[in-house]
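K.L.:
Below, each chain spelled out in residue letters.
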Amino acid sequence: DGGITQSPKYLFRKEGQNVTLSCEQNLNHDAMYWYRQDPGQGLRLIYYSQIVNDFQKGDIAEGYSVSREKKESFPLTVTSAQKNPTAFYLCASSIGTSGSGEQYFGPGTRLTVT
Amino acid sequence: AQRVTQPEKLLSVFKGAPVELKCNYSYSGSPELFWYVQYSRQRLQLLLRHISRESIKGFTADLNKGETSFHLKKPFAQEEDSAMYYCALSGGRFGAGTRLTVKP
Chain H
1 DGGITQSPKY
11 LFRKEGQNVT
21 LSCEQNLNHD
31 AMYWYRQDPG
41 QGLRLIYYSQ
51 IVNDFQKGDI
61 AEGYSVSREK
71 KESFPLTVTS
81 AQKNPTAFYL
91 CASSIGTSGS
101 GEQYFGPGTR
111 LTVT
Chain W
1 AQRVTQPEKL
11 LSVFKGAPVE
21 LKCNYSYSGS
31 PELFWYVQYS
41 RQRLQLLLRH
51 ISRESIKGFT
61 ADLNKGETSF
71 HLKKPFAQEE
81 DSAMYYCALS
91 GGRFGAGTRL
101 TVKP
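Here the protein sequences line up with chains H and W, keeping their order. Sequential numbering from 1 applies to the first sequence in our numbering. Sequential numbering from 1 applies to the second sequence in our numbering.
I should point out that these hints are in silico values taken from the structure, not numbers from a laboratory. Please note: incorrect hints may appear among the correct ones.
Chain W regions said to be covered by chain H (calculated; three or more residues, Cβ under 8 Å) [as the list claims (entries may be wrong)]:
id: 1; region: 19-30
id: 2; region: 66-75
With the Cβ distance kept under 10 Å, some of the chain W side facing chain H (calculated, not the full set) [said to hold, decoys possible]:
id: 3; residue: 6
id: 4; residue: 9
id: 5; residue: 11
id: 6; residue: 57
id: 7; residue: 59
id: 8; residue: 60
id: 9; residue: 88
id: 10; residue: 90
Here are some chain H residues the structure puts well away from chain W; computed CB gaps all over 12 Å [claimed, not checked]:
id: 11; residue: 44
id: 12; residue: 50
id: 13; residue: 59
id: 14; residue: 62
id: 15; residue: 65
id: 16; residue: 79
id: 17; residue: 114
Just so you know, even glycine gets a beta-carbon here, dropped at the ideal spot from N, CA and C.
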């Protein structure tokens, strides 16, 4: 089964704890993205990576961190510094290193921090 | 600065009526624009892109560089078109989305 996967589907954490969201793709795509989806605000870009071992901040990177050690994997860590972490998080990938082209999305992870 | 604006958060039409979802953008250079759709309990997926100039599920969108718009249109809406629609520039710039409801 090809595509882009995110795990887990639902995640619960206590305030003050860091949490890592998984994103894996077997599409051989160079570029990967993390978005936050909030009602009424659409998708907001957190981080993106166009090649292995390189990533760039998006519009709302504060309180988040990422790594891109493998082409297939782009985990997102929501740190305790993120002031409003409860949200739906979407991972995506696209062909090529330029950042252009269609994006393929994972099913998302809903994070709840209490 | 790159920006995508979808002025309508909610849009409701009756089945068989025409529908137009508005999208305006700001971008320096030649933009690459997309419409994505998210049906209930499904993943966000590509509906169409301006480069291909296709008609997907009866939807079309024309890039108007003079008006910096990329509105999505369908002449006769169907109930199964009810979904969340996002306009996007390449590289990860999305609009806030429009929720379309097609009533029977």
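K.L.:
Do the numbers back the hint for residue 9 (chain W), that is, is its least Cβ distance to chain H under 10 Å?
P.N.:
OK, holds: residue 9 (chain W) within 10 Å of chain H, min 6 Å.
K.L.:
Classify the hint on residue 88 (chain W) as holds or violated, based on whether any CB of chain H lies nearer than 10 Å to its CB.
P.N.:
Holds: closest Cβ of chain H sits about 8 Å from residue 88 (chain W), inside 10 Å.
K.L.:
Any CB of chain H closer than 10 Å to the CB of residue 60 (chain W)?
P.N.:
17 Å, violated
K.L.:
Hint residue 6 (chain W) vs chain H: min CB-CB distance below 10 Å?
P.N.:
8 Å, holds
K.L.:
Given residue 59 (chain W) was flagged as interface, is its beta-carbon under 10 Å from a beta-carbon of chain H?
P.N.:
16 Å, violated
K.L.:
Could you check if residue 57 (chain W) really has its C-beta closer than 10 Å to a C-beta on chain H?
P.N.:
16 Å, violated
K.L.:
If I take the minimum Cβ distance from residue 62 (chain H) to any residue of chain W, is it greater than 12 Å?
P.N.:
Residue 62 (chain H) clear of chain W: closest Cβ-Cβ about 17 Å, beyond 12 Å.
K.L.:
Regarding the assertion that residue 50 (chain H) does not contact chain W, is the least Cβ-Cβ distance greater than 12 Å?
P.N.:
The claim breaks: residue 50 (chain H) does not keep its Cβ more than 12 Å from every Cβ of chain W (closest is about 10 Å).
K.L.:
A closest beta-carbon separation below 10 Å is what the hint needs, so does residue 11 (chain W) meet it against chain H?
P.N.:
At about 14 Å, which exceeds the 10 Å cut-off, the nearest Cβ of chain H leaves the hint on residue 11 (chain W) violated.
K.L.:
Mind verifying the non-interface call on residue 65 (chain H)? Its CB should be farther than 12 Å from each CB in chain W.
P.N.:
18 Å, holds
K.L.:
So is the region 66-75 of chain W in contact with chain H by the C-beta rule, three or more residues under 8 Å, or is the coverage claim wrong?
P.N.:
As far as the region 66-75 of chain W goes, the hint is violated, because 0 residues have Cβ atoms under 8 Å from chain H.
K.L.:
If you look at each residue in the region 19-30 of chain W, do at least three have a Cβ nearer than 8 Å to any Cβ of chain H?
P.N.:
Not satisfied, violated; 0 residues make the cut.
In this structure, the hints that do not hold are numbers 1, 2, 5, 6, 7, 8, 11, 12, 13, in rising order.
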